[in-house]
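The lines below spell out each chain.
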Amino acid sequence: EAGVTQFPSHSVIEKGQTVTLRCDPISGHDNLYWYRRVMGKEIKFLLHFVKESKQDESGMPNNRFLAERTGGTYSTLKVQPAELEDSGVYFCASSQWVGGGVYNEQFFGPGTRLTVL
Amino acid sequence: AQSVTQLGSHVSVSEGALVLLRCNYSSSVPPYLFWYVQYPNQGLQLLLKYTSAATLVKGINGFEAEFKKSETSFHLTKPSAHMSDAAEYFCAVTKRVNNDMRFGAGTRLTVKP
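If you read the protein sequences in the order shown, they are chains A and B.
In terms of this note's numbering, the first sequence has 36 at position 36, counting the first letter as 1, and numbering is strictly consecutive.
With positions in the second sequence counted from 1, the corresponding number in this note's numbering is that position plus 117.
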């Protein structure tokens, strides 16, 4: 079974440009999460989808970031326009939704390293 | 709010020595706690998790962690370090199922021959 995949693995753009990151979760996983790690700091939560709905987007830094998950499958995270401080590694994770208070492991993708010059 | 603090951004041990990576948590409700490992150019891999069952949790690759409520700690240990353990380790907390995780800043483990 394929794991969580992310594309691209690296992206180098100039300040002011637009970048779109993609995440393909494990098939059948309703939960999809985006996280970001800025250089040397902790990994921070950005948002959480349940299927196509945004469950929690409290971690999104500002309105230059737009996440979508049309059809409840893959997700995209667009940064427009990109700023220097957006540089970092963007991780995606997915998990099953079972309910009943049962914890389900979040499986992480390899991340996309974004560099804004 | 939930949070974790990892003590020591870098830890260096000799091969065969004890590995101890420290994590303290803060949580307003009984937490779920995790340790993840990231090898170079790879994603985060779950080492072990505490979800309110046994307080001593055994994970992959010989790692284990003990949940100590009185100390609000969840330190990661391995009796004997191997060269292949060199990686970055992250402690994380979540307050309920299917919730987002709060990570520590990470501890980079170096293993010397």
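What the hints contain is simulated information worked out from the structure, not anything from laboratory work.
All figures in this text were calculated on a predicted structure; none of them were measured in a lab.
Any given hint might turn out to be false.
Claimed, not checked - Taking lysine-lysine pairs in the DSSO-like style, the calculated list, with each CA pair at most 30 Å apart, reads:
{"no.": "1", "chain 1": "A", "residue 1": "LYS78", "chain 2": "B", "residue 2": "LYS229"}
{"no.": "2", "chain 1": "B", "residue 1": "LYS229", "chain 2": "B", "residue 2": "LYS166"}
{"no.": "3", "chain 1": "B", "residue 1": "LYS166", "chain 2": "A", "residue 2": "LYS44"}
{"no.": "4", "chain 1": "A", "residue 1": "LYS54", "chain 2": "B", "residue 2": "LYS212"}
What the hints assert, rightly or not - A short, non-exhaustive set of chain B residues, derived as facing chain A with CB atoms under 10 Å:
{"no.": "5", "residue": "GLN123"}
{"no.": "6", "residue": "GLU181"}
{"no.": "7", "residue": "PHE207"}
{"no.": "8", "residue": "MET218"}
{"no.": "9", "residue": "ARG219"}
{"no.": "10", "residue": "GLY221"}
{"no.": "11", "residue": "ALA222"}
No residue lacks a Cβ here, since even glycine has one placed at the ideal position from N, Cα and C.
Consistency of the hints with the structure:
1. Of the pairs offered as hints, the one joining A:LYS78 and B:LYS229 is violated, with about 41 Å between alpha carbons and a cut-off of 30 Å exceeded.
2. Taken as a hint, the B:LYS229 and B:LYS166 pair is honoured in the structure, with Cα atoms around 27 Å apart against an allowance of 30 Å.
3. A C-alpha spacing of about 19 Å is found between B:LYS166 and A:LYS44, which places the hinted pair at or below 30 Å, so the restraint holds.
4. Taking the CA atoms of A:LYS54 and B:LYS212, the gap is about 19 Å. The hint holds against a cut of 30 Å.
5. Annotation: B:GLN123 was flagged as interfacial toward chain A, and the flag holds, the nearest CB pair being 8 Å apart, inside 10 Å.
6. Violation of the interface hint for B:GLU181 is found here, the shortest Cβ-Cβ separation to chain A being roughly 18 Å, above the 10 Å cut-off.
7. For B:PHE207, the interface hint holds, the least distance from its beta-carbon to any beta-carbon of chain A being 7 Å, beneath 10 Å.
8. For B:MET218, the interface hint holds, since its Cβ comes within 10 Å of a Cβ in chain A; the closest pair sits about 7 Å apart.
9. The closest approach between the C-beta of B:ARG219 and any C-beta of chain A is roughly 7 Å, which is under the 10 Å cut-off, so the hint is satisfied.
10. A cut of 10 Å between beta carbons decides the hint on B:GLY221: the least distance to chain A is about 6 Å, and the hint holds.
11. With its C-beta approaching chain A no nearer than about 4 Å, B:ALA222 sits inside the 10 Å limit, and its interface hint holds.
Hint violations for this structure: numbers 1 and 6, all remaining hints satisfied.
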